[in-house]
Each structure stands twice: as structure tokens, then as C-alpha cells.
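Novice: Here is what each chain is made of, one letter per residue.
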Amino acid sequence: MSGVWVWMEQRQGAISTISREAISAGRNLAASLGSPLTALVFGHNVGDVAAAAFGLGADAVIGCDDETLADFRVEAYGPLMAQLAGQRQPQVILAGASTRGRDLMAWAAADLDAGLVSDGIGLGVEGQTVMVTRPVYAGKLLAKVYVKDGPQCLSVRGRAFPAAEPTGATGNVEWVTAVVAESDLPTKVIGFESSEGTVSLTDAKIIVSGGRGVGGPEGFGPVAELANVLGGALGASRATVDAGWIPYEHQVGQTGKTVSPDLYIACGISGAIQHQAGMRTSKVIVAINKDVDAPIFKLANYGIVGDLFKVVPALTAEFRRRLGK
Amino acid sequence: MKVVVCTKQTPSTTAVFTVRAGGSVSWDDPGGKPNVVNPWDEYAIEEAIRLTEKQGGTAVALTLGTEASQEALKTALAMGCHEAILVSDGAFEGADSLGTARVLAAAIRKVGGVDVAFFGKQAIDGDTGQTTVQVARQLGWTPLTFVSAIQAIDPAAGTITVARLLEEGKQIVTARLPVVISVVKEINEPRYPSFMGIRKANRAVIPTWTAADLGLNSSGSKVDWSNVFALPARESKVEMIEADSVEEQARILVDRLFEEKVI
Ligand SMILES: Cc1cc2nc3c(=O)[nH]c(=O)nc-3n(C[C@H](O)[C@H](O)[C@H](O)COP(=O)(O)OP(=O)(O)OC[C@H]3O[C@@H](n4cnc5c(N)ncnc54)[C@H](O)[C@@H]3O)c2cc1C
Ligand SMILES: Nc1ncnc2c1ncn2[C@@H]1O[C@H](COP(=O)(O)O)[C@@H](O)[C@H]1O
Numbered sequence: 001m002s003g004v005w006v007w008m009e010q011r012q013g014a015i016s017t018i019s020r021e022a023i024s025a026g027r028n029l030a031a032s033l034g035s036p037l038t039a040l041v042f043g044h045n046v047g048d049v050a051a052a053a054f055g056l057g058a059d060a061v062i063g064c065d066d067e068t069l070a071d072f073r074v075e076a077y078g079p080l081m082a083q084l085a086g087q088r089q090p091q092v093i094l095a096g097a098s099t100r101g102r103d104l105m106a107w108a109a110a111d112l113d114a115g116l117v118s119d120g121i122g123l124g125v126e127g128q129t130v131m132v133t134r135p136v137y138a139g140k141l142l143a144k145v146y147v148k149d150g151p152q153c154l155s156v157r158g159r160a161f162p163a164a165e166p167t168g169a170t171g172n173v174e175w176v177t178a179v180v181a182e183s184d185l186p187t188k189v190i191g192f193e194s195s196e197g198t199v200s201l202t203d204a205k206i207i208v209s210g211g212r213g214v215g216g217p218e219g220f221g222p223v224a225e226l227a228n229v230l231g232g233a234l235g236a237s238r239a240t241v242d243a244g245w246i247p248y249e250h251q252v253g254q255t256g257k258t259v260s261p262d263l264y265i266a267c268g269i270s271g272a273i274q275h276q277a278g279m280r281t282s283k284v285i286v287a288i289n290k291d292v293d294a295p296i297f298k299l300a301n302y303g304i305v306g307d308l309f310k311v312v313p314a315l316t317a318e319f320r321r322r323l324g325k
Numbered sequence: 001m002k003v004v005v006c007t008k009q010t011p012s013t014t015a016v017f018t019v020r021a022g023g024s025v026s027w028d029d030p031g032g033k034p035n036v037v038n039p040w041d042e043y044a045i046e047e048a049i050r051l052t053e054k055q056g057g058t059a060v061a062l063t064l065g066t067e068a069s070q071e072a073l074k075t076a077l078a079m080g081c082h083e084a085i086l087v088s089d090g091a092f093e094g095a096d097s098l099g100t101a102r103v104l105a106a107a108i109r110k111v112g113g114v115d116v117a118f119f120g121k122q123a124i125d126g127d128t129g130q131t132t133v134q135v136a137r138q139l140g141w142t143p144l145t146f147v148s149a150i151q152a153i154d155p156a157a158g159t160i161t162v163a164r165l166l167e168e169g170k171q172i173v174t175a176r177l178p179v180v181i182s183v184v185k186e187i188n189e190p191r192y193p194s195f196m197g198i199r200k201a202n203r204a205v206i207p208t209w210t211a212a213d214l215g216l217n218s219s220g221s222k223v224d225w226s227n228v229f230a231l232p233a234r235e236s237k238v239e240m241i242e243a244d245s246v247e248e249q250a251r252i253l254v255d256r257l258f259e260e261k262v263i
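Respectively, the protein sequence lines represent chains L and S. 217 is the number that the numbering used here gives to position 217 of the first sequence; each next residue is one higher, with no gaps. 6 is the number that the numbering used here gives to position 6 of the second sequence; each next residue is one higher, with no gaps.
Note that these hints are calculated values from the structure, not bench results. Please note: incorrect hints may appear among the correct ones.
Simulated restraints on C-beta separations [claimed, not checked]:
#, chain 1, residue 1, chain 2, residue 2, range
1, L, 89, S, 215, 24 to 32 Å
2, S, 22, L, 12, 27 to 35 Å
3, S, 255, L, 89, 37 to 45 Å
4, L, 34, S, 21, 29 to 37 Å
5, S, 16, L, 189, 25 to 33 Å
6, L, 291, S, 32, 55 to 63 Å
7, S, 109, L, 89, 27 to 35 Å
8, L, 183, S, 32, 32 to 40 Å
9, S, 242, L, 218, 39 to 47 Å
Beyond 12 Å from chain S on every Cβ pair, some chain L residues (computed) [as the list claims (entries may be wrong)]:
#, residue
10, 3
11, 60
12, 171
Since this is a predicted model, take the numbers as computed values, not measurements. Where a beta carbon is used, it is the ideal one built from N, C-alpha and C, also for glycine.
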């Protein structure tokens with residue numbers, strides 16, 4: 001059993017950011033283990049994407065191009081992954097911990113009878129064993145986890161590893177055939193309602209979030225404007241989502257999204273423990289709150305005590321000036 | 001219809017953790033109950049109850065855990081589940097997700113005749129969200145994860161249509177029953193247990209199934225979770241930006257953020 005495999009998630013011909021992070025994590029792991037790095041690219045019309053994986057650090061690429069793989073369906077991708085891994089016995093299979101990566105790794109691990117560890121934020125090697133550091137209990141503690149024997153299926157959390165940047169490297173993709181025919185697949189994708197166009201919270205480098213302090217749906221206006229000027233994503237506390245001021249997609253926290261941006265600006269958010277659970281690993285945290293005793297200031301790097309309706313527009317104006325926007 | 005909802009008892013969201021030498025973890029919640037129904041599972045319980053309210057049939061709550069996790073099952077009963085089963089055996093202690101999935105799948109098989117098994121998006125202790133698909137694999141059923149709405153279900157025809165909440169939108173999928181479903185928060189608003197429900201739950205005798213009852217020896221876990229440690233403290237101390245005007249505060253803060261290289 002040897003080799004490190006990375007599943008490269010692609011949508012409409014573009015490799016997702018979290019997969020570029022996974023392959024850079026895989027590259028280091030392969031180097032420490034002294035084994036080759038293989039990228040897996042599945043989909044339909046993915047010739048270019050598969051070839052691009054060489055440029056992201058893969059030593060070899062296994063591709064599968066089939067109509068059944070056009071939409072991600074774990075019932076189509078899972079058996080393919082499990083069959084390939086069963087035949088070729090890699091030591092480690094890695095993916096980004098996206099909705100798709102999570103499902104795929106769970107499927108592959110179940111079929112391979114392999115240990116499974118999700119949401120790695122650190123990977124190391126002791127002897128020939130891969131050690132995964134991951135948050136547990138909503139990020140209140142960390143665990144160093146390893147798989148006792150057999151292949152290991154791992155996923156890495158978004159923004160925990162730097163994304164691989166393309167080099168000019170090229171190579172020949174090995175193409176394999178799909179293993180489940182359309183007529184044998186138990187699901188059909190019959191529609192898609194896109195919410196794209198908005199910046200994805202989990203990929204965002206900058207997040208500006210509003211809490212109950214924004215006072216109502218219109219109150220998100222200035223917060224969204226600041227996010228916009230910074231090219232960031234708009235976040236929210238659960239209180240505002242529950243009040244119906246903003247859709248659930250924006251919720252950050254224990255029962256929302258876990259984010260880890262370079263900069264997190266919390267506006268009118270008290271900083272409840274459940275909110276912190278979703279954002280505490282942000283690199284720099286700024287809190288704007290009129291209550292000097294708000295718990296968010298205990299976590300923040302920078303704080304401004306004041307009315308967000310004055311402070312946020314002032315910040316937006318200052319950023320506009322500096323960024324020439 | 002017969003539906004199962006798998007629910008785990010987890011530490012409360014406000015629990016405070018202590019790690020002892022050797023890595024064992026304990027917790028307490030100074031302000032409330034230290035253990036709760038996994039918050040994500042409340043949506044699964046609600047959806048299971050709603051489905052049986054609409055279609056008729058029974059909703060069975062299932063927990064793998066210690067004797068103490070009966071409390072989670074009582075909450076499920078109080079909300080409106082018809083039956084509850086605790087799976088508990090020393091042999092299952094420290095089960096990883098595949099181990100948990102094997103045990104839950106065996107229990108779902110023993111319940112028998114199940115059309116839909118509901119799960120939460122993830123359990124807030126391990127935050128892994130992988131049990132659902134792994135249970136589906138053990139049962140040979142179709143997994144439908146991150147479901148934000150059941151758009152249609154026809155038990156007679158054996159079909160279901162759901163919306164799945166993915167990163168960049170909602171995927172609408174049809175599948176054949178039986179299915180294993182994990183739900184996200186968007187799917188419903190969980191009800192509070194009724195007074196009658198709580199009384200009924202308190203009187204309920206919850207059966208316990210052991211490894212022998214399920215024909216298993218152990219969970220067969222492979223992942224070693226024993227090395228848990230406290231987070232390195234966030235070394236930052238907050239710098240409060242004070243000045244005579246908000247414009248001046250904004251200027252100072254923006255300077256700092258450029259120095260931090262996060263813009
Ligand atoms: C099981 C469970 C799961 C949960 N999951 C989440 C989760 O995922 N995410 C989450 O966020 N919460 C979650 N919560 C809720 C959490 O406990 C808090 O209730 C919530 O985060 C509070 O939101 P908030 O900070 O916006 O509101 P509040 O706590 O009401 O805080 C509002 C803040 O705004 C300030 N403010 C008011 N007006 C102004 C103004 N004009 N200018 C500046 N500041 C102002 C106030 O001083 C106050 O600090 C969860 C709770 C439970 C029990
Ligand atoms: N011990 C358990 N007993 C019952 N259900 C569980 C157990 N562990 C996990 N689950 C279910 O699986 C879901 C996902 O859990 P996890 O994969 O651990 O994040 C939870 O929301 C529960 O519905």
C-alpha cells in the first residue's frame with residue numbers, strides 16, 4: 001500500500017479552491033512519505049481540467065470522463081473511487097471537506113473498510129503513519145488522530161492549507177472508464193437552483209458580518225457595502241437569520257458555516273460561544289460594537305466601541321479612498 | 001410509513017471542556033444542561049415526525065451511546081416520536097464513524113421495514129458529518145445528504161424528490177426508497193416538546209439493544225481519537241481603537257489592517 005491520492009473537485013470545468021488546497025497538502029504529505037502524488041479528476045468533458053492537475057503538482061493523473069459523472073452524484077463517483085483504490089491500494093486518499101468531498105470520502109472509506117478522518121487542519125507523518133490534526137467540540141479542542149491500519153481516507157478543511165498555484169508542468173492523463181451505468185444509478189438530478197454570484201463564505205479571504213445590532217433587514221445595507229468594497233463575503237449571526245433579516249446561507253457559527261478568513265469584521269455581534277465556534281480561527285478579527293463588555297472583544301484583535309451605523313460607513317469610505325474604488 | 005431518526009447526545013454548545021493528562025476529556029455547563037440532543041438532529045427529529053404526520057406510520061428514534069443518552073431519546077419522544085431505542089454496549093465504546101455506521105445500520109435493519117432514515121447534518125462533538133453516507137453504504141440504500149426540503153414523496157410508488165443544499169446552490173434530486181437522509185437547518189423549525197409529550201416521555205420505558213442483540217462483536221473502529229488537547233491560546237490581546245472622531249478611528253484601523261497584510 002503506497003501513494004497519496006487527491007480527488008480534484010471540479011465544477012463546470014474549473015477546479016475548486018479547496019481542491020487546490022488539498023493537492024498542496026497532498027504534495028507535502030507525499031514528499032514526507034517518499035511516495036508519488038496522484039490526482040483523480042472525474043466528470044464530463046474534463047480533458048483540460050485533468051491535464052491541469054499536473055500543473056498543480058500531481059506526478060500522475062487518473063481521469064474518468066463520462067456523461068454519468070456530469071453532475072456530482074456520490075452513487076456514481078463513490079464506486080469509481082472505491083474500485084480504483086481497491087485495485088491500486090493507495091496509502092492515503094485526500095479530498096477537500098466540501099459537501100461533495102465529505103460524501104465521497106465517506107462512501108470510499110465505507111466500501112474500502114478504511115479509516116476516515118475529516119476536516120484536517122494539519123497533516124504530519126510519524127514513521128509511515130499519517131497524523132491528522134483536527135478541531136473537535138466546535139473548535140474548543142484539537143485532536144491528533146491517526147488510522148490504525150489499512151488505507152486512510154482524509155479530508156481537509158477549507159483555507160487550512162495554501163492553495164497550489166499552477167506551474168507549467170504537463171503529462172499524460174491515464175483515462176479509465178466509469179463503473180456504474182446510468183440505468184443502474186438510483187438518483188436523477190432534475191434541477192439546479194444556483195445561488196452563485198455571491199461570494200462563498202467558506203472560500204472568502206474577507207468576511208464582514210452583521211448581528212442583531214443592525215436592527216433589521218435594511219441594516220445589512222452598510223455591512224454589505226463594506227463587504228463589497230473589500231471584495232469579501234457577507235456573514236450574519238444566527239439571531240439575524242432567525243429573525244428572517246437574511247437567508248440562512250449567510251449564517252456563521254456552530255449551526256451555520258465554519259469560516260477561516262484572513263479578516264473577519266463583526267458588526268453588532270455580541271460574540272456568543274456558538275458564533276465564535278464558526279469564526280474563531282480567522283486570522284485577524286475586528287469587532288465593532290456599542291457595548292464595551294461584549295464578549296466579541298475578548299476574541300478580537302482590534303475593537304471599536306461605537307454605533308455600527310457610524311463606524312461602518314466611515315470604514316467603507318476610508319477603504320474606498322485607500323483602494324481607489 | 002416507517003421512519004427512523006438517528007440522534008446523538010452531545011455536549012451542549014456552551015459546555016466548558018477540561019482535558020486531563022492522558023487526553024481524557026470531561027465537560028460541564030455552568031449555565032445549563034451539560035448534555036443535549038445534538039442541535040442538528042432536532043431538525044431530523046422534526047422532519048421524521050412531520051413525515052409520519054403527513055403519511056401516517058411510525059417514527060422511531062435511535063441512539064448509540066451510554067445509558068445516560070436515554071435523555072436524548074426522551075426529548076425525541078417528547079417532541080412526538082412514537083418509539084425510541086437505545087443501542088448501548090461496552091463493546092461499542094469509542095466507535096469511529098464507520099463503526100458507528102455499522103452499529104446504526106444493524107439497528108435499522110432490526111427495526112425492519114424502514115422507508116427513510118433521518119440524520120442530522122453533523123454531530124457537534126466530532127463535527128464530521130460522515131455517518132449518514134456510511135450507514136447508507138452498510139444498508140445498500142441511497143444517501144441523500146444536506147437535504148433542505150422534501151419536495152415530494154410517494155411511498156406507494158417508492159419515490160422521493162428532495163432539494164440538497166450545496167455550496168453554490170440547490171440540487172434537486174429524485175431517488176427510489178428506501179433512502180438515508182441528512183437534513184440541514186433550512187428544512188424546518190423544530191417544535192418544542194409539549195407538556196403531554198414530556199409526561200409521556202418520562203413514563204416511557206426505552207428498550208436497550210446490545211451487541212449480542214444486533215449480532216455484532218465490536219464496532220470495528222480503526223481511527224484512534226485518544227490524543228485530544230487544548231487549543232493554543234489566541235495570543236492576541238484586543239487593541240481598542242480610540243480617537244476623537246469615527247473618521248480618525250477608521251483611518252487608524254485601516255492602517256493596522258494594511259500592516260497586518262489582510263487587505
Ligand atoms: C444550539 C445553538 C446553536 C447556535 N448556533 C449559532 C450559530 O451558528 N451562529 C450564531 O451566530 N449564533 C448561534 N447561536 C445563537 C447564539 O447563542 C446567540 O444568540 C447569537 O449569536 C446572538 O446573535 P447576535 O450577536 O447578533 O445578537 P446579540 O447577542 O443580541 O448581540 C447584538 C450585539 O449588537 C450590539 N449592538 C446593538 N446595536 C448596535 C449598534 N447600533 N452598533 C453597534 N453594536 C450594536 C449589542 O451591543 C450586542 O452586543 C446558537 C445558539 C444555540 C443554542
Ligand atoms: N452515536 C450515534 N447515535 C445515533 N445517531 C448518531 C450517532 N452518531 C452520529 N449519529 C447521526 O449521524 C449524524 C452525523 O454524525 P457525524 O457523522 O458524527 O457528524 C448525526 O447528526 C446523527 O444523526
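Novice: For a quick check of understanding: which of the numbered hints are violated here, in increasing order?
Specialist: 2, 3, 5, 6, 8 and 9
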